[in-house]
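Undergrad: Residue strings, one per chain:
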Amino acid sequence: MSNANLFAPAAVAISGLRKSFGINEVLKGIDLNVQPGEVIAIIGKSGSGKSTLLRCINGLETFQHGRLTVQGHALDYSDPSAMRALRQQVGMIFQSFNLFPHLTVGKNIQLAPGLVKQLSVTETETKARQLLARVGLAEKYDAFPDQLSGGQQQRVAIARALAMSPGILLCDEITSALDPELVGEVLAVVESLAKEGMTLLMVTHEMNFARKVSNRVIFMHQGLVHEQGTPDVLFTNPQTPELQQFLSSLH
Amino acid sequence: MAIELDFAAVLTEWPLLVKGVAWTLGLTAVSAVLGVLLGIGCAWVRTQGASWCRPGVAAYVELIRNTPFIVQLFFLFFGLPAMGVRLSPEWSSVLAMVINLGAYSAEIVRAGIQSTPSGQIEAAMSLALTRMQTFIWVILPPALQRVWPALVSQIIIVMLGSAVCGQISTEELSYAANLIQSRNFRAFEAFIVATAIYLTLSIATRASLDWLGQRFLFGGRRG
Amino acid sequence: MVEFSLWDIVSNLLLAARWTIVLSLIAFVGGGFVGVALLIARTTHSRSLQYAVALYVQVFQGTPLLMQLFLAYFGMAILGVETSAWTAAAVSLTLYSSAFLTEIWHGCVKSIGKGQWEAAQSLALNFGEQLRYIIFPQAARIAVAPTVGFLVQVVKGTALASVIGFVELTKAGTMITNATFKPFVVYSCVAVMYFLICYPISLYARSLEGKFHVQR
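Protein chains in written order, with the working numbering: chain A, 245 to 495; chain B, 3 to 225; chain C, 112 to 327.
A few of these clues could be false.
Unchecked claim - Here are some of the chain A residues that sit facing chain B, going by a computed Cβ distance under 10 Å:
1. Met336
2. Phe344
3. Leu347
4. Val365
5. Ala401
6. Asn452
7. Arg455
8. Pro485
9. Leu494
Said to hold, decoys possible - Per label pair, the in silico range of CB-to-CB distance:
10. C:Arg317 <-> A:Asn277: 45 to 55 Å
11. C:Gln249 <-> A:Gln374: 50 to 60 Å
12. B:Trp54 <-> C:Phe295: 21 to 31 Å
13. B:Pro57 <-> C:Glu114: 32 to 42 Å
14. B:Arg56 <-> C:Leu126: 31 to 41 Å
15. B:Trp54 <-> C:Leu314: 17 to 27 Å
16. A:Asp423 <-> C:Ser222: 30 to 40 Å
17. C:His156 <-> A:Ser264: 55 to 65 Å
18. B:Met85 <-> C:Gly321: 35 to 45 Å
What the hints assert, rightly or not - Which bits of chain B does chain C cover? Going by a derived footprint, with three or more residues having C-beta under 8 Å, they are:
19. 35–47
20. 83–92
21. 97–106
22. 136–144
Hints in this document: simulated from the structure, not taken from any laboratory. Since the structure is predicted, the reported quantities are computational estimates derived from the model, not experimental observations. Here a beta-carbon is modelled for each residue, glycine too, at the ideal position from N, C-alpha and C.
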């Protein structure tokens, strides 16, 4: 199931990452290497720093110590154009979708490629329609976000992120805000992305999904990577008591 | 004692009234567009722009909001010539109205911008949009939509305030009413008619601007 | 030609500024009383009263204050009442304030949730008691900030009384300009004086807004 190319340079390389909110240290020294094509699920209790870690990778959160490189480039907050270049490489899907309410679905997807990559209107429209078809929403091109269900909105959000052709996709609890019956349609799209070789980092509570789709699972506890391994090993044979406790609390 | 009111004497002067209405609407239209644009610019400076500009913009906004419009108008029309800048009554009126509306719009639009959900900005950032692109395409349209009723109210206020411009001989509606009553001495009737016209204008303008906002300005539909 | 010093100008303006303040307070307080009466009328279940007040508000908010002043001045003359600029300005500004204040307060009352009314009714309070003990105290708290803010509008409104001849700050400015031929200096001073009156009130209103927001 692994599409990871173990001999390519790391897609994301993190060493010694520390981040505090004021006096509260949320990430206490993260070391992590993500290979291109790897699918990583990040699990843990709320407050363990999972989302914060994800948001550091595309620069939505700044960190105080350590080093973070994406596609070989180290993060540099002082350089806005470097940050924008980073965000063309790394896409993000949010728990609350964050679609632009005043734009149609099609325009939501086309906005960034048109402005940032300066593609022509026809190019962006063609790509938008392709991506919408890919996530199963071809007929919703002219609809507005408030006319769509949660699951549909999240799939549009995925299409919107994909329109920038990122190499890495960050998924921050993307099904947590969805009604249970809508979760499946979104996970199906993510699974197909994984199969195509997209590098994925997902913070998720969907353990079955993580088990099925990911190459590696990372359990975070109190701001550190507490345990990690392949899903089969991690879920059936948790080594540390904290992970054992976490997994049992889910049943 | 019978009160004799002669409205006919006023209504026969309808060409003057029409001209007055045209001027009032014209002044309002120009000031509305330029004033709101100025307000958006000021709001941008205060929320996103260079911090060295901000005290200046804040001072401008507070000065205009805490002084009467008539004083602002008189300052431009009577005061500036002493400094060598001589403006016609019409240009003074437009300038005063733009400066006035700009200050109030700045506050209104700023409130709209500051009520943008943070998720919208994060999504735009994650899509690699620049700050200016985010402001124009993601922040501003929904912000304007949220504050549109307040902006329309402010435009109406400026339109009604333009009545004062007749005092410096701008030929808008109140000037027309004054002219009529100076001819036929029917002051009360003239001003009743003018007031009724103003009332109609304010209702009609509000309805039109509300419709315009829905239709054209926001790139999308909103309930 | 007589030379006028800055102090000559400022002292004369200050004398006139007294009248600005007096007129503002009369209009604000008088408008407050009328506004409360209108508010009570509007809160009753009488449809016709509600429409009447709504119409009253629409007229005063939808027409220029300048026209209202002219109408008061010439209208009172037609009715045979002895009108000075002062009386016309006071009457007109009082009615103007009453319309805006009642609208502000009506908004505050409307923002009190229906649940409060229902709770009060369930406790067998009559309409007057509901208003007095339950609704108005809560509405009053929300209303303080915008009401204080409106005082600034009234002060600015008094400047228009100059057009019908009432000698307040703006009219004094015009008269002094005609005497001194220093319009830039004079109108700058006039603006500064209005600012000195209005800005503290604006700041106070803003601080009240913050205070009551937190308390909710």
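Undergrad: Give a verdict on every hint.
TA: Hints, verified against the model:
1. Met336: holds (4 Å)
2. Phe344: holds (6 Å)
3. Leu347: Result: holds, 6 Å to nearest chain B Cβ.
4. Val365: violated (14 Å)
5. Ala401: Holds. Min distance 8 Å.
6. Asn452: The hint is violated - asparagine 452 of chain A has no Cβ within 10 Å of chain B, the shortest such distance being about 27 Å.
7. Arg455: For arginine 455 of chain A, the interface hint is violated, since the closest Cβ of chain B sits about 28 Å away, which is over 10 Å.
8. Pro485: With a closest approach of 36 Å, the proline 485 of chain A hint is violated.
9. Leu494: violated (27 Å)
10. C:Arg317 <-> A:Asn277: 45 to 55 Å: holds (53 Å)
11. C:Gln249 <-> A:Gln374: 50 to 60 Å: holds (56 Å)
12. B:Trp54 <-> C:Phe295: 21 to 31 Å: Because 28 Å falls inside the window, the suggested range holds.
13. B:Pro57 <-> C:Glu114: 32 to 42 Å: holds (36 Å)
14. B:Arg56 <-> C:Leu126: 31 to 41 Å: holds (37 Å)
15. B:Trp54 <-> C:Leu314: 17 to 27 Å: The hint (17 to 27 Å, Cβ to Cβ) holds, given that tryptophan 54 of chain B and leucine 314 of chain C are roughly 23 Å apart.
16. A:Asp423 <-> C:Ser222: 30 to 40 Å: holds (32 Å)
17. C:His156 <-> A:Ser264: 55 to 65 Å: Roughly 59 Å apart at Cβ, these two residues keep to the hinted range, so it holds.
18. B:Met85 <-> C:Gly321: 35 to 45 Å: The hinted range 35 to 45 Å holds for methionine 85 of chain B and glycine 321 of chain C, with Cβ atoms some 40 Å apart.
19. 35–47: Violated: only 0 residues of the segment 35–47 of chain B have a Cβ under 8 Å from chain C.
20. 83–92: Our answer is that it holds, as 3 residues pass the Cβ test (under 8 Å) against chain C, meeting three.
21. 97–106: violated (count 0)
22. 136–144: violated (count 0)
In summary, the structure is inconsistent with hints 4, 6, 7, 8, 9, 19, 21, 22 from the numbered list given earlier, while agreeing with the others.
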